[in-house]
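The sequence shown runs 42 to 291 under this note's numbering.
Keep in mind the hints are simulated off the structure, nothing from the lab. Mixed in with the good hints there might be a few duds.
Derived SDA-like pairs: lysine to any residue, alpha-carbon spacing no greater than 20 Å straight-line [what the hints assert, rightly or not]: (1) Lys96 <-> Leu114; (2) Lys260 <-> Arg279; (3) Lys200 <-> Lys214; (4) Lys72 <-> Arg279; (5) Lys72 <-> His48; (6) Lys187 <-> Gln225; (7) Lys170 <-> Ser155; (8) Lys214 <-> Arg279; (9) Lys174 <-> Glu97; (10) Lys260 <-> Asn237; (11) Lys291 <-> Asn233; (12) Lys260 <-> Thr285; (13) Lys72 <-> Lys200; (14) Lys288 <-> Ser127; (15) Lys282 <-> Lys170; (16) Lys262 <-> Lys288; (17) Lys214 <-> Gln184; (18) Lys101 <-> Leu116; (19) Lys72 <-> Asn98; (20) Lys200 <-> Ser155.
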Amino acid sequence: MIFINFHSWLDACKLVLQRFFNVEEDAIFIKERKRMGQHVQYEKLNKQSQFFEVKENGIKFLINLQDYLDTGLFLDHRNTRNLVKSQSKGKQVLNLFAYTGSFSVYAAMGGAFSTTTVDLSNTYLNWAKENFKLNQLSISKHQFIKADVKEWIAQQPTKLYDLIVLDPPTISKSKMTKSDFDVQLDHVELINNTLNHLKEGGLLYFSNNYRSFQLDADKIKASTIDDISQASVPFDFRNKKIHTCWKLIK
């Protein structure tokens, strides 16, 4: 049996990629996702602020391959984004924990009457606006809100939406929030508060990436709850536990 050092193996992989794709070494970006301790989050990696334009299903997005562990577009949700696009025509869509707004862009490209994009980070909200502009989408009917989603959804005067995307992080600790967030501990309250903003018969897509997550369905006030993870995780993801996703109807 031959044992090889991990970093030596990684260097060999880079060399293979260079030769196969005929690219220079500086055109290859490798990210290492490590096992983190409880309630520990990844920090910003760099400050290059270099963005690249990519297309997914004909829709344009800006990605950043250097500054963060994540690039600005989560590929495991491309099926879910297409699903939202197909169901958004004429609808009022709410996107919570929106990150760079990819679900909002898909909804707008699908003909949504309006979208509301909520995230705690100004950086990501501005990134989302750039994604809208990149697709020549007017932002006049699209709202971008900087807020702690957990607090905002509980206290916001009830405006009803036709379709809501709720894709929270596994954990969140920020000096800008009144309390920490843990998806396993907090999901029932979060989902029920979100359902208060959904029209009767409206759709809520709830997803998260916590591998050991257990949905407490008996405490959730939806008329139907369907696990659609098998359909939402793309075929080319080796680990089908990359996320779990549910479709809820009020």
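Against the structure, the hints come out as follows:
1. Lys96 <-> Leu114: holds (11 Å)
2. Lys260 <-> Arg279: Violated, at about 32 Å.
3. Lys200 <-> Lys214: violated (27 Å)
4. Lys72 <-> Arg279: Holds - the C-alpha atoms of Arg279 and Lys72 are around 17 Å apart, at most 20 Å.
5. Lys72 <-> His48: holds (12 Å)
6. Lys187 <-> Gln225: violated (24 Å)
7. Lys170 <-> Ser155: holds (14 Å)
8. Lys214 <-> Arg279: Outside the cut-off at roughly 30 Å; violated.
9. Lys174 <-> Glu97: Within the cut-off at roughly 16 Å; holds.
10. Lys260 <-> Asn237: Distance ~14 Å between Lys260 and Asn237 Cα, so the pair holds.
11. Lys291 <-> Asn233: Holds, at about 10 Å.
12. Lys260 <-> Thr285: The given pair, whose Cα atoms are some 18 Å apart, holds under the 20 Å limit.
13. Lys72 <-> Lys200: Not OK: Lys72 and Lys200 at ~40 Å, beyond 20 Å, violated.
14. Lys288 <-> Ser127: Cα-Cα ~14 Å, so holds.
15. Lys282 <-> Lys170: Answer violated: Lys282 to Lys170 is near 30 Å, above 20 Å.
16. Lys262 <-> Lys288: The given pair, whose Cα atoms are some 13 Å apart, holds under the 20 Å limit.
17. Lys214 <-> Gln184: Since the Cα atoms of Lys214 and Gln184 sit roughly 25 Å apart, the hinted pair is violated (cutoff 20 Å).
18. Lys101 <-> Leu116: Between Lys101 and Leu116 the Cα gap is close to 13 Å, so the pair holds against 20 Å.
19. Lys72 <-> Asn98: Violated. Lys72 to Asn98 sits at ~24 Å, over the 20 Å cutoff.
20. Lys200 <-> Ser155: This hinted pair holds, its Cα atoms lying about 13 Å apart.
Going through the hint list in order, the structure does not satisfy hints 2, 3, 6, 8, 13, 15, 17 and 19.
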